[in-house]
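Enquirer: Protein sequences appear in the order of chains A and B. Under full-length UniProt numbering, the first residue of the first sequence is numbered 1, with each subsequent residue one higher. Under full-length UniProt numbering, the first residue of the second sequence is numbered 1, with each subsequent residue one higher.
Hints should not be assumed to be uniformly reliable.
Stated by the list, open to error - What follows is a list of derived Cβ distance ranges for each label pair: (1) B:V34 with A:L282: 24 to 30 Å; (2) B:P159 with A:S264: 26 to 32 Å; (3) B:G108 with A:L282: 35 to 41 Å.
Unchecked claim - Take a look, some chain B residues computed to stay more than 12 Å from chain A by CB distance: (4) W19; (5) P32; (6) T38; (7) L39; (8) A137; (9) G166; (10) A214; (11) G216; (12) E255; (13) R271; (14) V286.
Think of the hints as simulated: they come from the structure by calculation, not from any bench. Ideal Cβ positions, reconstructed from N, Cα and C, are used throughout, including at glycine.
Here is how the chains run, residue by residue.
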Amino acid sequence: MDSAQTTALIQTVAQGLLTGGLYALIGTGLSLIFGVMRVINFAHGDFLAIGMFITLALFRAFDLDPYFSLLVAAPVGFALGFLIQRVVLARLGDRLSEASMLATLGLGLIISNTLLLTFGAQPQNINVAYATQTVQLGGVQLSIPLIVAGLGTLVSIAALNFVLYRTELGRAIRATAQNPLGAELQGVKTAHIQAIVFGMGVAFAAIAGVLLMPLLYAFPTVGENYTTKAFIVTVLGGLGNLPGAVVGGLVLGVIESLGAFYVSNNYRDAYGLVAFLLVLLLRPEGLFGKTVKRV
Amino acid sequence: MTAALTPARPRALTFGNVWLSVALLAVMALYPMVFGKTLNFGVSTLIFAGLAMSWNILGGWAGQISLGHAALLGMGAYTMTILATPERVPAFFGGPVAPWWGALIGMGIAALLALVWGGLTFRLRGSYFTLSTIAVALVLRLVAINSDWTGGSEGLFMPELPRFLGFDLFERRTEYWLAFAFVALTLLITHLIRRSRLGYALQAVREDEDGARALGIDPTRMKVIAFVISAALTALGGALYAVYLQAFEPHTLLELPISVQIALMAIIGGRGSIQGPAIGAILLAVFGEVFRNVFANANLLIYGVLILVVTLFAPNGIMGLFRRGGNKLGTAR
Numbered sequence: 001m002d003s004a005q006t007t008a009l010i011q012t013v014a015q016g017l018l019t020g021g022l023y024a025l026i027g028t029g030l031s032l033i034f035g036v037m038r039v040i041n042f043a044h045g046d047f048l049a050i051g052m053f054i055t056l057a058l059f060r061a062f063d064l065d066p067y068f069s070l071l072v073a074a075p076v077g078f079a080l081g082f083l084i085q086r087v088v089l090a091r092l093g094d095r096l097s098e099a100s101m102l103a104t105l106g107l108g109l110i111i112s113n114t115l116l117l118t119f120g121a122q123p124q125n126i127n128v129a130y131a132t133q134t135v136q137l138g139g140v141q142l143s144i145p146l147i148v149a150g151l152g153t154l155v156s157i158a159a160l161n162f163v164l165y166r167t168e169l170g171r172a173i174r175a176t177a178q179n180p181l182g183a184e185l186q187g188v189k190t191a192h193i194q195a196i197v198f199g200m201g202v203a204f205a206a207i208a209g210v211l212l213m214p215l216l217y218a219f220p221t222v223g224e225n226y227t228t229k230a231f232i233v234t235v236l237g238g239l240g241n242l243p244g245a246v247v248g249g250l251v252l253g254v255i256e257s258l259g260a261f262y263v264s265n266n267y268r269d270a271y272g273l274v275a276f277l278l279v280l281l282l283r284p285e286g287l288f289g290k291t292v293k294r295v
Numbered sequence: 001m002t003a004a005l006t007p008a009r010p011r012a013l014t015f016g017n018v019w020l021s022v023a024l025l026a027v028m029a030l031y032p033m034v035f036g037k038t039l040n041f042g043v044s045t046l047i048f049a050g051l052a053m054s055w056n057i058l059g060g061w062a063g064q065i066s067l068g069h070a071a072l073l074g075m076g077a078y079t080m081t082i083l084a085t086p087e088r089v090p091a092f093f094g095g096p097v098a099p100w101w102g103a104l105i106g107m108g109i110a111a112l113l114a115l116v117w118g119g120l121t122f123r124l125r126g127s128y129f130t131l132s133t134i135a136v137a138l139v140l141r142l143v144a145i146n147s148d149w150t151g152g153s154e155g156l157f158m159p160e161l162p163r164f165l166g167f168d169l170f171e172r173r174t175e176y177w178l179a180f181a182f183v184a185l186t187l188l189i190t191h192l193i194r195r196s197r198l199g200y201a202l203q204a205v206r207e208d209e210d211g212a213r214a215l216g217i218d219p220t221r222m223k224v225i226a227f228v229i230s231a232a233l234t235a236l237g238g239a240l241y242a243v244y245l246q247a248f249e250p251h252t253l254l255e256l257p258i259s260v261q262i263a264l265m266a267i268i269g270g271r272g273s274i275q276g277p278a279i280g281a282i283l284l285a286v287f288g289e290v291f292r293n294v295f296a297n298a299n300l301l302i303y304g305v306l307i308l309v310v311t312l313f314a315p316n317g318i319m320g321l322f323r324r325g326g327n328k329l330g331t332a333r
């Protein structure tokens, strides 16, 4: 392998890792929700789309720099998730694990079609100066929005870990995940905790949407693709396994980049799906199921 | 569909159930005479009613939610069309294959796919099957978009087709009666399954997998059989839909929303009931048509709202609302 090829490989892997960071962020939200409530959120990508469109709307209305939208999108996502858990999912009772799939599927349709009515079907983007800029790092070119997205992911996941392992709320969340009834008996208001967790999961999706906006076009059904990515990430890492979701995201990003570069860009989305199917069939507990501690 | 093993059941109940199917078919048979000008709507509605009932064999009776049935629909449509097109048909066939034989081959391929796919994934419990259906359908969609023999993203045009028993297949009236026959066939098969050993085994597996196993039922085997039947019927519907469309591309047949639509029709109508999916499909088609004028292309909004309402307030769908006390239509729930 000559040096040009090596640089190309490093470039591909680096890009894959940064994209994978975003996948990790999306997957972490989904995995957190599953880990605590056993709910597979089929509207996850649509919450990401909400994050994108909030960014778009604020940019159009106030010329607000996309990254400042985080201050709006994250709380809105949290509130939305909290409300949905309280108003919809909490009412499903003991039918939760099965019926939540249908309920979130319905919510996803409501969200994507409302976005369609509000913003139209046309893909839209925002023009910021740094959207297409890159930095050189030892011969490797990396786009600035992708680096910011990678940093954003790091900060978000670090914050989540802090909350989970250093705060009283985190103890309550972990207790609820491990044994809801036991936690309730110890005075944990599990219904409240579940609403908070759903809110956090949705906020993560919305944050990912904001971070993606400078890189992508927003359109109402953009979430569909990311719901699938989130599923892939969580299954790769093991359903409900948070560190697994991070590794799963990075693995997915790298698989996609390498496949697109060395095989064919047309099948970019297929590599992850095939990996997903293989893991589903061969190791349903996830690639790292046995070796990594669960939430 | 083994020999009917009919336990004692209130006779009137069983008849009532069959009569509902007969009534449904009678309404469908009268449609072309009353609404002769809107046959397009009639044909597509009937095809989706049949598809929803095919989905229900797996999703309702076996309780395995598939969100990948678009792949099976596409399997029927693509196989039939490719085999009927002179310049696309593999040399091995020595010339274009009549659409009805093509549809049968498509059904066979779909059934084979379901056999392998179900055999692999039904060993896992929980949501894994649903997740796998999404992935399999998306992979097949990518293949259809990127291959030459599927016409890529441009899709396929229907070639000249031979006449079917003397009828022109491109005439809406012929298509209507074919769609009617498709619905009648799926209804008949659902009725047969319900009264068969397989039907009872499926319900047992759905309600309590371990309990069913203790009774000597092999849950994986039962689910696979249901999946194979469901897949073959869906592919048949796909072939019919392709004739109706006359030209199609991956986007019209293979996208996730199509799979979701088929599943939601069955769920909203009533999973595990016999006529529920057909009623759900008709209802949603009418709603969709009405709301198309209000919401333009956002007409799936109404699906979202309905599915939420049904999940929250009518877990057994519209048919479930009519099911009170002992008057159970179809399931033991």
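Enquirer: Take the hints in turn and mark each one as holding or not.
Expert: Hint-by-hint comparison with the structure:
Between B:V34 and A:L282, the C-beta spacing of about 56 Å breaks the proposed range 24 to 30 Å. Checked against the hint of 26 to 32 Å, the pair B:P159 and A:S264 passes, with Cβ atoms roughly 30 Å apart. Taken as a hint, the range 35 to 41 Å is violated for the pair B:G108 and A:L282, whose Cβ atoms sit roughly 28 Å apart. A cut-off of 12 Å between C-beta atoms confirms that B:W19 is not in contact with chain A; the least separation is 30 Å.
Interface exclusion of B:P32 from chain A stands, the closest Cβ pair being 32 Å apart, more than 12 Å. Every CB of chain A lies more than 12 Å from the CB of B:T38, the least distance being 25 Å, so the non-interface label holds. With a cut of 12 Å on Cβ distances, B:L39 stays outside the contact zone with chain A, its closest approach being about 28 Å. The Cβ of B:A137 sits about 10 Å from the closest Cβ of chain A, inside the 12 Å cut-off, so the non-interface label is violated.
For B:G166, the non-interface assignment is confirmed: its Cβ lies about 43 Å from the closest Cβ of chain A, beyond the 12 Å cut-off. Every CB of chain A is more than 12 Å from the CB of B:A214 (nearest about 22 Å), matching its label as outside the interface. No Cβ of chain A comes within 12 Å of the Cβ of B:G216; the nearest lies about 26 Å off, and the non-interface call holds. At roughly 9 Å from the closest C-beta of chain A, the C-beta of B:E255 falls inside 12 Å, breaking its exclusion from the interface.
For B:R271, the shortest C-beta to C-beta distance to chain A comes to about 10 Å, within the 12 Å cut-off, and the non-interface label is violated. In this structure B:V286 is separated from chain A by more than 12 Å, as the shortest Cβ-Cβ distance comes to about 18 Å.
In terms of the numbered hints stated before, the structure departs from hints 1, 3, 8, 12 and 13, listed from lowest to highest.
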